[in-house]
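Chains R and C supply the protein sequences, listed in that same order.
The opening residue of the first sequence carries number 386 in the working numbering; numbering runs sequentially from there.
The opening residue of the second sequence carries number 133 in the working numbering; numbering runs sequentially from there.
Incorrect hints may appear among the rest.
Partial chain R-side listing against chain C, Cβ under 7 Å, derived [as the list claims (entries may be wrong)]:
# : residue
1 : Met386
2 : Val397
3 : Ala404
4 : Gln446
5 : Gln469
6 : Ile479
7 : Ile483
8 : Pro488
9 : Leu518
It is worth saying that the hints were derived from the structure and are not from the lab.
Just so you know, even glycine gets a beta-carbon here, dropped at the ideal spot from N, CA and C.
Listed below, chain by chain, are the residues.
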Amino acid sequence: MLRAFIALLSGVIFGLGLAISGMMDPTRVRGFLDILGDWDPTLAFVMGGALLVMAAAWFIQRRLHTPVACDSFSLPGTRLIDGQLIGGAALFGIGWGIAGLCPGPAIASLATNFVPAAIFVAAMATGMVVHRLVTPQARA
Amino acid sequence: MITQWFPDAQPLQGLIGGMLIGLAGAIMLLGVGRIAGVSGMFARATAISRSGTPWPIAALFTLGLLVGAFAHLGAIGPVEATFPPSTSLLVAGGLIVGFGTRMGSGCTSGHGVCGMSRLSPRSLVATATFMASGMVTVAIVNALGGAW
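Chain R with its partners taken away, still in its complex shape (with noise of 0.2 Å):
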């Protein structure tokens, strides 16, 4: 029960803070990466403010031997720096540049504007069902 309403908190509050941050404006997010054009910083100042807050929690979980409501930690192990991280990445960007969305904001604006909102987000899922169909290792 703890745990769903951590859950649950964790998720209102980003989607709150991506509604205030700017970032739910497809445009904004685009004027971002444009640096050869119109650059708006915005996006460099969540970021910060994101990153300075996370870092702090970072020090704490160093000094805790558990998370508040469950038994150990859960935390990606591998250090692995490879041809898929980069390759995601990269393809990644590509689509985040085309249509100045990822995924937190693209799922926060089913809330707000649902139709260009839900067709993103149903391209994603396929595309994210295309990366099983083709990656062995991923359909576990």
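Got chain R sorted already, so can you dock chain C onto it with the hints?
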């Protein structure tokens, strides 16, 4: 100063919103010991991914994103947004984002916020890569006359 050089920028809203996003990541990390990465949580919530985060946590987090945006509508006001002018841009962007975030194990939240603040080498490389490829993509689209 910033607003003088960049009249469209919203540095204060960006900073406040960003700190809330960081707080959300902190609650997930310190509360249940997991990374608040949206692409992974969404894949798990929709059962596209069948392992990792317990389903209720992923589903409630994903639902929460909508509730948070909806709360902004009620408590603060409309969320300003101009979407791409054509459905084909939304579909192409969505397909590539979906495939790429699974292949690269994360997006702006998991790698960009949670991983970078952990100083994870993987996340630093991933973030630099998707920022660069996003910038190149926008420059190419603009050069081809597709700016919007």
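Quick rundown of the hints versus the structure:
1. For Met386(R), the interface hint is violated, since its Cβ never comes within 7 Å of a Cβ in chain C; the closest pair sits about 10 Å apart.
2. Restraint check, Val397(R) versus chain C: the minimum CB separation of about 4 Å is within 7 Å; hint holds.
3. Interface restraint check for Ala404(R): the shortest CB-CB distance to chain C comes to about 4 Å, inside 7 Å, so the restraint holds.
4. This hint holds: Gln446(R) has a C-beta 6 Å from the nearest C-beta of chain C, less than the 7 Å allowed.
5. Look at Gln469(R): its Cβ gets to within about 6 Å of chain C, closer than 7 Å, so that hint holds up.
6. Evaluation of the Ile479(R) hint against chain C yields a held restraint, the C-beta minimum of about 5 Å falling below 7 Å.
7. Hint status for Ile483(R): holds, given a least beta-carbon distance of 4 Å to chain C, under 7 Å.
8. Evaluation of the Pro488(R) hint against chain C yields a held restraint, the C-beta minimum of about 4 Å falling below 7 Å.
9. Evaluation of the Leu518(R) hint against chain C yields a violated restraint, the C-beta minimum of about 10 Å exceeding 7 Å.
When each numbered hint is compared with the structure, violations occur for hints 1 and 9.
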